Amino acid sequence: MAVVDLGESPSLGLLYPKAAVAGLTKRGGDELPERVYQWRGVRVDPAHLAAYDRVCGFRLADELPATYPHVLTFPMQVKLMTDADFPFPLIGSVHLRNRISQSRALRVDEEFDLRVHVENLRPHAKGRQFDMVSQAFAAGEAVWHDTSTYLVRGGGSGASSAGSGSAPGAPSAVWRVPEDIGRRYGEVSGDRNPIHLHPLSARLFGFRRAIAHGMWTKARCLAAYEGRLPEAHTVDVRFKLPVLLPAKVAFSSVRVEDGYRFGLVDVRKGKPHLEGVITV
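Residue numbers are given in UniProt numbering: position 188 of the sequence shown equals residue 188, and the series is strictly consecutive.
Treat the hints as calculated values from the structure; they're not laboratory data.
Since this is a predicted model, take the numbers as computed values, not measurements.
One should not assume that every hint holds.
[Said to hold, decoys possible] Calculated pairs, EDC-like style, for lysine to aspartate or glutamate (alpha carbon to alpha carbon, straight line, at most 20 Å):
| no. | residue 1 | residue 2 |
| --- | --- | --- |
| 1 | K26 | E119 |
| 2 | K248 | D258 |
| 3 | K26 | D131 |
| 4 | K26 | D85 |
| 5 | K248 | E141 |
| 6 | K26 | E111 |
| 7 | K18 | D85 |
| 8 | K18 | D83 |
| 9 | K126 | D30 |
| 10 | K126 | E31 |
| 11 | K126 | D83 |
| 12 | K269 | E179 |
| 13 | K248 | D266 |
The whole structure should be built from the sequences, with the hints applied where relevant.
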């Protein structure tokens, strides 16, 4: 793959209008771009990290939550998905799964090189799916790896398993998710997709109310394990039914041989929002 140095983080303010136009013109295809975007010499802004920690429920610390580098690479992902040779529209793509591994703790005072590419276009029961892969390097060493699997609807078999699964045991916590969490997380992550921001804009895309970001729900669950995980670990989640805002959700967790299994469900109906595994 060709490596393209960006020099700076792409502007989401410019990319989202481009994504809206692309949603009207892109019709799919069988080839993903063979290109790696790279942003070198990245320094974490401590104030931005603190804002992220607060909105996701992490303690303020010098170590980065495993989910934090995802927001640094997100503009690079959006750039790739809005390029002319990317076959699918960004708006309307569904985030199915996210798997993050880190080989050691990442610190706020380190310098990172970030890379993003896309791979593994394959069938899905409801259409096509692909993997957006992000990596962080420190002093030439790969220290963090993130794979987000996205679904583009259309042309699949029509089978559905989105509502399957169950929580791993009795709830250990109940969280109230406020109506404005989509706007607050959007502010720190840059992900201002209209489905997260307001009921009126969410209805344009088929949702009764605004929905929480999947990566916020993952981060909120990971925050519940602070102080219990070794530096090297993997957090793998599958996103199920969206969290309609405001909401009351139940978090449950069980210890397994090599880590934890956890879930997030709707308190009233018991329907799953997220299922995850932490491997240590």
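If any of the earlier hints don't hold here, list their numbers in rising order. Of the numbered hints given earlier, those the structure breaks are 2, 5, 6 and 11, listed in rising order.
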